[in-house]
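Undergrad: What follows is the residue order along each chain.
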Amino acid sequence: DQQVKQNSPSLSVQEGRISILNCDYTNSMFDYFLWYKKYPAEGPTFLISISSIKDKNEDGRFTVFLNKSAKHLSLHIVPSQPGDSAVYFCAAREGGGGGNKLTFGTGTQLKVEL
Amino acid sequence: DTGVSQNPRHKITKRGQNVTFRCDPISEHNRLYWYRQTLGQGPEFLTYFQNEAQLEKSRLLSDRFSAERPKGSFSTLEIQRTEQGDSAMYLCASSLQGNINEKLFFGSGTQLSVL
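Residue numbers (my numbering), protein chains in the order written: chain P, 1 to 114; chain C, 1 to 115.
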């Protein structure tokens, strides 16, 4: 039962253009969403997050949009840079206690080409 | 603050052997998590500690797996009688409880290969 889904295993964009990574979830108890970036042979590193009470959060070149009614979130990277090439994981936390356990999607491999 | 440290980075073992991994969290973090990641998948939750108490275990954590955090600082994850299906990247993460926007900080992982 995949509660967090990233249906695009890979995405290729040109440097300077916008990258849009998508994520869908099924659990309506999720109240906090995060994006992590992962380079090979390294652990995931936190990128940006959004609470369920918001619909947008921005940090520099990175913006996350949340559509609760559609149970969908997206990560926009603009402009994309070659150093952004990595695997991006969407993650979600269920509210109501239980620590800060995160449920991850399967990831999207982003390749930013020159 | 040197981040989350995991040792060893790589472990190759034969089926049936026991292995133990260590995780040193960020020093002021009171929560510690273990995740497992296999090829093409995202990290999957295994267990988590708040201080020295193990508060939740996933059904993925079979009886062959045991985790400890004896003094509320570092943690160990032991796998007994390893099987080929245990081959994966084992990730440790830590966080500081109390912030509504609590974030997990991950280590670089231990890559386990069971032959």
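Hints are computed from structural coordinates only; laboratory data are not their basis.
Honestly, I wouldn't trust all of these hints.
[Unchecked claim] Straight-line C-alpha distance at most 30 Å; calculated DSS-like pairs for lysine-lysine:
| no. | chain 1 | residue 1 | chain 2 | residue 2 |
| --- | --- | --- | --- | --- |
| 1 | C | K57 | C | K103 |
| 2 | C | K11 | P | K54 |
| 3 | C | K103 | P | K56 |
| 4 | P | K71 | C | K71 |
| 5 | P | K101 | C | K57 |
| 6 | P | K5 | P | K101 |
| 7 | C | K11 | P | K68 |
| 8 | P | K68 | C | K14 |
| 9 | P | K5 | C | K103 |
| 10 | P | K71 | C | K11 |
| 11 | P | K68 | P | K56 |
[To be verified] Derived CB-CB ranges, DEER-like:
| no. | chain 1 | residue 1 | chain 2 | residue 2 | range |
| --- | --- | --- | --- | --- | --- |
| 12 | C | R15 | P | N57 | 45 to 55 Å |
| 13 | C | R59 | P | K5 | 17 to 27 Å |
| 14 | C | R15 | P | L114 | 36 to 46 Å |
| 15 | P | S10 | C | I12 | 23 to 33 Å |
| 16 | C | S62 | P | P79 | 43 to 53 Å |
| 17 | P | R17 | C | L39 | 21 to 31 Å |
Cβ coordinates follow ideal geometry from the N, Cα and C atoms, glycine included.
Undergrad: For C:R15 and P:N57, compare the CB-CB distance with the range 45 to 55 Å and indicate the outcome.
TA: Holds, since C:R15 and P:N57 (Cβ atoms, about 46 Å apart) stay within the stated range.
Undergrad: Quickly compare the C-alpha distance for P:K101 and C:K57 to 30 Å and report which way the hint goes.
TA: Holds. P:K101 to C:K57 sits at ~11 Å (cutoff 30 Å).
Undergrad: So if I understand the rule, the pair passes when the alpha-carbon distance is 30 Å or less; does P:K68 with P:K56 pass?
TA: Between P:K68 and P:K56 the Cα gap is close to 11 Å, so the pair holds against 30 Å.
Undergrad: Between the beta carbons of C:S62 and P:P79, is the distance compatible with 43 to 53 Å?
TA: Distance hint for C:S62, P:P79 holds at roughly 46 Å.
Undergrad: Take a quick look at whether P:K5 and C:K103 sit within 30 Å of each other, Cα to Cα.
TA: 20 Å, holds
Undergrad: So if I understand the rule, the pair passes when the alpha-carbon distance is 30 Å or less; does P:K71 with C:K71 pass?
TA: 40 Å, violated
Undergrad: P:K68 and C:K14 were given as a pair; does the straight-line alpha-carbon distance stay at or below 30 Å?
TA: 47 Å, violated
Undergrad: Note whether the CB distance of C:R15 and P:L114 lies within 36 to 46 Å or breaks it.
TA: 45 Å, holds
Undergrad: Does the hinted range 21 to 31 Å hold for P:R17 and C:L39 at CB?
TA: 29 Å, holds
Undergrad: Is the distance from the Cβ of C:R59 to the Cβ of P:K5 consistent with 17 to 27 Å?
TA: 20 Å, holds
Undergrad: Check the hint pairing C:K103 with P:K56 against an upper bound of 30 Å on the C-alpha distance.
TA: 18 Å, holds
Undergrad: For the hint 23 to 33 Å, verify it against the beta carbon of P:S10 and that of C:I12.
TA: 29 Å, holds
Hint violations for this structure: numbers 2, 4, 7, 8 and 10, all remaining hints satisfied.
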